[in-house]
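Student: Spelled out, the chains give:
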Amino acid sequence: MWVGSDGRSLTLTVEWDEKSMIVHLTKQGYAAKPVQQPASTVKTILFPLDDIAHSRFAVSVACGLSQLYRAALHVTNVGQRTLDSRELISCLGSGAHDLRHFIFDRATGDPGEYMTRLSRELPDSLFVMSTDIGRTTRANRFGSITESILATRPERIVLLAPNHNETAWSMRRILLAHDGTPACLVATSVAAELAQRKGIEVIALHVASRGKDLPGAPGTMHAPFYVDQPQHEWPSWTGEFMSRLTAAGTPAEAIHFRLTVRAGQPGSEVAKFARECAADLVVMAWHGHWEKQQTAARVVVRTAGCPVLLVLAQTT
Amino acid sequence: MDASLSIGNQTHGTHASAALGVPPNLDSQDPNWLLVEEGFTLRREHEIESLFAIANGYVAARGSLAEGCALSAPATFVAGVFKQAQDSVPELMILPDLMGVRIWIDGQSLNMERGEILEHRRTLDLHRALLWREWRHLDPDGRITRIVSLHLVSLRDRHLLLQCVTFTAENYSSVVRFQTSIELAEGVVPTSTEAWKLQSDSVSPTVLSFEVCPAGRDTTVNFGISTQIFSSGRAVGKRTVETSNKRITEHQEIGIEAGSELQLNRLISIFSSREVTRPFEYTMAHLKRIVEVGVAVPTSAHVSEWRSRWHAADVEIEGDDSLQKALRFATYHLIGAANSEDAHVSIGARALTGPAYKGHVFWDTEIYMLPFYIFTHPPSARALLEYRYHTLDAARAKARKFGFQGAMYPWESADTGEEVTPPLVIAPNGEVLKVCNGEMEIHITADIAFGVWQYWEATQDDDFFVQFGAEIMLESARFWASRGRIESDGNYHIRHVIGPDEYHEDIDDSSYTNLMAAWNLRHGVETANLLQQRWPEKWSELQRRVQISEEEVSTWPMLADAMYTGFDKQTLLFEEFSGYYQTQPVNLKDYEPRTAAMDIILGHDRIQHTNVVKQADVVLATFLLWNEISPDVRAANFRYYDARTGHGSSLSPAMHALIAARIGEYRLAGHYLKQAAEIDLCNNMGNAAGGVHAAALGGLWQAFVFGFGGLETRANEVSFAPHLPTEWRRLAFVFQWHGSTVRVEVEPTVVRAVVTGPGPLKLHLEGGFDIDAQPQREYIAERADVGWKRWAIAHSNS
Numbered sequence: 001m002w003v004g005s006d007g008r009s010l011t012l013t014v015e016w017d018e019k020s021m022i023v024h025l026t027k028q029g030y031a032a033k034p035v036q037q038p039a040s041t042v043k044t045i046l047f048p049l050d051d052i053a054h055s056r057f058a059v060s061v062a063c064g065l066s067q068l069y070r071a072a073l074h075v076t077n078v079g080q081r082t083l084d085s086r087e088l089i090s091c092l093g094s095g096a097h098d099l100r101h102f103i104f105d106r107a108t109g110d111p112g113e114y115m116t117r118l119s120r121e122l123p124d125s126l127f128v129m130s131t132d133i134g135r136t137t138r139a140n141r142f143g144s145i146t147e148s149i150l151a152t153r154p155e156r157i158v159l160l161a162p163n164h165n166e167t168a169w170s171m172r173r174i175l176l177a178h179d180g181t182p183a184c185l186v187a188t189s190v191a192a193e194l195a196q197r198k199g200i201e202v203i204a205l206h207v208a209s210r211g212k213d214l215p216g217a218p219g220t221m222h223a224p225f226y227v228d229q230p231q232h233e234w235p236s237w238t239g240e241f242m243s244r245l246t247a248a249g250t251p252a253e254a255i256h257f258r259l260t261v262r263a264g265q266p267g268s269e270v271a272k273f274a275r276e277c278a279a280d281l282v283v284m285a286w287h288g289h290w291e292k293q294q295t296a297a298r299v300v301v302r303t304a305g306c307p308v309l310l311v312l313a314q315t316t
Numbered sequence: 001m002d003a004s005l006s007i008g009n010q011t012h013g014t015h016a017s018a019a020l021g022v023p024p025n026l027d028s029q030d031p032n033w034l035l036v037e038e039g040f041t042l043r044r045e046h047e048i049e050s051l052f053a054i055a056n057g058y059v060a061a062r063g064s065l066a067e068g069c070a071l072s073a074p075a076t077f078v079a080g081v082f083k084q085a086q087d088s089v090p091e092l093m094i095l096p097d098l099m100g101v102r103i104w105i106d107g108q109s110l111n112m113e114r115g116e117i118l119e120h121r122r123t124l125d126l127h128r129a130l131l132w133r134e135w136r137h138l139d140p141d142g143r144i145t146r147i148v149s150l151h152l153v154s155l156r157d158r159h160l161l162l163q164c165v166t167f168t169a170e171n172y173s174s175v176v177r178f179q180t181s182i183e184l185a186e187g188v189v190p191t192s193t194e195a196w197k198l199q200s201d202s203v204s205p206t207v208l209s210f211e212v213c214p215a216g217r218d219t220t221v222n223f224g225i226s227t228q229i230f231s232s233g234r235a236v237g238k239r240t241v242e243t244s245n246k247r248i249t250e251h252q253e254i255g256i257e258a259g260s261e262l263q264l265n266r267l268i269s270i271f272s273s274r275e276v277t278r279p280f281e282y283t284m285a286h287l288k289r290i291v292e293v294g295v296a297v298p299t300s301a302h303v304s305e306w307r308s309r310w311h312a313a314d315v316e317i318e319g320d321d322s323l324q325k326a327l328r329f330a331t332y333h334l335i336g337a338a339n340s341e342d343a344h345v346s347i348g349a350r351a352l353t354g355p356a357y358k359g360h361v362f363w364d365t366e367i368y369m370l371p372f373y374i375f376t377h378p379p380s381a382r383a384l385l386e387y388r389y390h391t392l393d394a395a396r397a398k399a400r401k402f403g404f405q406g407a408m409y410p411w412e413s414a415d416t417g418e419e420v421t422p423p424l425v426i427a428p429n430g431e432v433l434k435v436c437n438g439e440m441e442i443h444i445t446a447d448i449a450f451g452v453w454q455y456w457e458a459t460q461d462d463d464f465f466v467q468f469g470a471e472i473m474l475e476s477a478r479f480w481a482s483r484g485r486i487e488s489d490g491n492y493h494i495r496h497v498i499g500p501d502e503y504h505e506d507i508d509d510s511s512y513t514n515l516m517a518a519w520n521l522r523h524g525v526e527t528a529n530l531l532q533q534r535w536p537e538k539w540s541e542l543q544r545r546v547q548i549s550e551e552e553v554s555t556w557p558m559l560a561d562a563m564y565t566g567f568d569k570q571t572l573l574f575e576e577f578s579g580y581y582q583t584q585p586v587n588l589k590d591y592e593p594r595t596a597a598m599d600i601i602l603g604h605d606r607i608q609h610t611n612v613v614k615q616a617d618v619v620l621a622t623f624l625l626w627n628e629i630s631p632d633v634r635a636a637n638f639r640y641y642d643a644r645t646g647h648g649s650s651l652s653p654a655m656h657a658l659i660a661a662r663i664g665e666y667r668l669a670g671h672y673l674k675q676a677a678e679i680d681l682c683n684n685m686g687n688a689a690g691g692v693h694a695a696a697l698g699g700l701w702q703a704f705v706f707g708f709g710g711l712e713t714r715a716n717e718v719s720f721a722p723h724l725p726t727e728w729r730r731l732a733f734v735f736q737w738h739g740s741t742v743r744v745e746v747e748p749t750v751v752r753a754v755v756t757g758p759g760p761l762k763l764h765l766e767g768g769f770d771i772d773a774q775p776q777r778e779y780i781a782e783r784a785d786v787g788w789k790r791w792a793i794a795h796s797n798s
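Just so you know, the protein sequences line up as chains A and B, in that order.
So the first sequence is residues 1 to 316, counted in my numbering.
So the second sequence is residues 1 to 798, counted in my numbering.
Just so you know, these hints were derived from the structure itself, not from any lab.
If a hint is listed, it holds; no wrong ones were tucked in.
Just the calculated beta-carbon pair ranges, DEER-fashion: (1) A:H256 with B:E526: 54 to 62 Å; (2) B:G107 with A:E121: 42 to 50 Å; (3) B:S719 with A:Q314: 50 to 58 Å; (4) A:R275 with B:P140: 44 to 52 Å; (5) A:A278 with B:G107: 47 to 55 Å; (6) B:E318 with A:R275: 56 to 64 Å; (7) B:P140 with A:K43: 24 to 32 Å; (8) B:H609 with A:H256: 33 to 41 Å; (9) B:I117 with A:R135: 47 to 55 Å.
By construction, the Cβ of each residue, glycine as well, lies at the ideal position given by its N, Cα and C atoms.
Isolated chain A, as found in the complex:
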């Protein structure tokens, strides 16, 4: 019997076959609460893990998101050492209370390919992983397994840079980085769903920037180029930005969005603001262009100081 941090018991049932071990956690003393939530868009959390000793925070994030989404947690051992399942369960700690079930397996063959195949077999999955899984072959690159998974442009992935001091994660503040393009709608929806499930607000950040590759699809809205009279322009612009942000399906009435605007390089400004506002999760759209060293997404992942959920933009 496993005991949660609140003293209530958990029953662990383990099933296994040649490929994987399935762990069912049955809660005792927990009253079933009917939750008025829309169906979760995430059914499985895919969590490649290479070293428990250095991954307590990542485990906590994976566990937390698994609970929020009411999704299965699929932990895949991709490290050199074969992990002990009891060690893993111990590592889950209090986070295991609300897990519906988790799956623990070991990657066969190339770990990156294995995880990618797994994501194809398990639709509605969300990767949660550290940036440094696998060997780091070049400076300023992530671990080889992380890089190979990113190269397949997963639809949703939470990345954690290995610079977290904390061991436990909880989500109190979501930061949505929004570049004003329609492509960000997917990220808005993801942030909204999480906020709704957690009952918290979303801080939307738009970074006014400059550069040759500024997005410009129809319906895009940047920080205003013309601020004729700030006393009128800002309320008007903010209202319009929020209208577009919550357009088309985002349950705006159930979620409070708060908008803020900064200026500068998008990646570093998002990361800086995430640290300033003590965000627990940054949600942002990405276009799958991971090879450049200084893409906004890479900068945010490295320096935001919290997990970053990348959502593949619709236009790519």
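On the provided structure of chain A, position chain B as indicated by the hints.
Tutor: Frame of chain A; chain B shown alone:
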């Protein structure tokens, strides 16, 4: 209430436009007259609603989808109808959507978000001010419906709106229900009278009537809506009107056969207590007259009125279709913004096309929009200036409040003429910014005086000048005489101001402000002299009424002469304000390309310490005072400040285009012209969601006519210095001057001019010759090796 509904037979073919008596299709029209939005992009909907707004200066309707969508923000605006909540500034009231019609087919809502859009196109016919919509839709049940609708807001009969919807059931037979709903909120109440009674024939249909009482005002606005339905087939139906304490809803339920058409005509009348004492009675009587004649007659009258206005305003460009369309878009919205019949309203920053800026009126009405009206429709210009006369008492009160004399016009004004600038704004970065413009951006007073003089000079409308203009000239000059003081250096200084460059607040001696103040003082003197010489009775009356004396006026020339302008004879530059040269230099090129304003990038506090100029400021002064500033000074200041101007105001690019064209910087002029043309029409900026940028549109017109056309006017002379960019084959424009109409055509090798009206007019061609142009004759000047040859008569039109 329930009633059976007899359906009239449609007798004019199958297309809605045929029944209306207007051409059936727009495809054959010149695309340069059409603003077309193909398909549907939800996130652009607010912009589209603004761009496609229809207006006549009295009333306006945004170009919203009749059935609505997730981002619809439909609105009706009536000029001068403001509401005001306690402890807030007045705002132009968003009146109920009059064009909203929901459609139900067999109980299923027909809308863009259910099923598949097979075709969707919105077309604004700029020439006739008709808003068309063509929509073909496959609903989830496989039914294909075709809708063609037409909206107009009559320019001939400003109290009339028309909406015609042709509904075709392509592949099904069904029961169709049209639903109109008016929310009874914010002082909206139904007005129930005999006219409420349901009629059983479509010639005398039910009138849906209601009244709006804006909060904080004793104005009432009355609306009457009458619906007619015609069918191409045999159809019967019923009309139902439901009222609750929340809304009035009218349903028209009609059976329709596959392949047949229904036409729904809605005739809408509006009157307010601002213009008539019994608006409800006027509404009903008006509606009765319109119902009797049907939609075709008022539609034709509307189209005819627009044709007439375009005849006096259109600027033609051959060689650049996108600029041509942008200019016509600008002209369309400018025509629709003004009402020559109402001297108690002016044009807000977004005209009547959206709620942004709360309908407030700024300096840009006089400096950026007014010239369009002065030179194309003087009655509209006069009405705008009379608004300033009717709010003169409020301007006097503001001057007294701040311890000054004369009239200190508000930075923002609404219906009463009082200062209505919001005191604070919270920027999205969380900064709470104090808004000082109401107290410090005082150049608006001189700008209004400038508009008065410009109008009078162009029209020679002595009646206006004596009745209204002169008093504005004197009271504004009086303000400037009290606002500054001669200091120990012997100069007249005006401190603690904000110039058009609003990046620098609470500065001393804004050169724009001081130059315009000096101009105002001098023209105040000239006004006093004119009154004494030509209208002594008026002068006497003003002496009594506003206690002005010759002695007081006699001090003004000295103040104007002593005005500190920051001019340096060595550099030929006007220092934008005292201490500008000590600000931190910023190289704007380092920030290019960018999509955000420089004050966002650098921050509100930092930019105040830099040399980045928000908009045309000194450059604008050199244009307004063109004949008082030498060419080398104009050019030097343009080049100096152009490199330092961030164009963070929508007004700025057009003005830089204008000056660049005049001083021969043609490539730069073309760049700014394009930028100005895209302010509302560019589809990835979201700028126009709260309404079009009316002053920027006025600036665009000025850039073409005063910049590339090179039109300059002096007291008794009209001058041209035309320039065609290499890709343009022809530029043609028309303007009013001293009661005559002058048409000018510029081609690479020839300039043509025709004067109609009383004439003759003295025309001067820069680089060419003068001529006293006789009316009804066409004059031609051909290009010479250097400049232009002498004018010659082409042929007689008489």
